[in-house]
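Based on the sequences and whatever the hints tell you, model everything.
The numbering used here runs 10 ahead of the 1-based position in the sequence shown.
In case anyone wonders, no lab produced these hints; they're calculated from the structure.
Since no wrong hints were added, every one of them can be taken at face value.
In silico PhoX-like cross-links for lysine-lysine, where the CA-CA straight-line distance does not exceed 20 Å:
#	residue 1	residue 2
1	K73	K31
2	K31	K166
3	K31	K88
4	K19	K144
5	K93	K31
6	K31	K70
7	K93	K70
Given the structure is predicted, the values throughout are model-derived calculations rather than measurements.
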Amino acid sequence: MESKNTSIKCSAVDLEVMDLKEETLVELPHVFTRPHLPATVENAANQGDVDRWPHLTGIKISKIDANVGLLIRNDAPKILHPKEVRESSHNGPYATWTVFGWVINGPLGRVQDSGSYIANFIRADAELDDQFRKYCNMEFNDSVCGAKTSLSQNDKRALEIM
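As structure tokens, this is what we get:
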């Protein structure tokens, strides 16, 4: 994600992701994390981008005041499976309705500064996984977080109801 042949410190975790309305919970096993992602909220589609395209009429994008903290790969079908698709029109973006809401993909029709282009590519491989395991065995041998277990979000909700 940075430059060729550089090492990046990361962690592998199991993650639970919930939608903004806290109605849908999806488990993502074996997710790689890192302190910084090469993406900003300026890269994401906003309501102004959606409103510019007649074929996307009626689609509402939530404004979130946060940094980009999660990039979801294409191997997460529970999250990315389309429930509805609005096809591209006039070389514009297309939209996909998922369990977490609308996802806008493709050219947004924004005016670009010349020379200001962004491309993000992320790849995880077995060598990186092996390096991470070795790092964790050295770095976290005395375990910063104890070994105690905690309840999942669903378990906590069930206890509140009872």
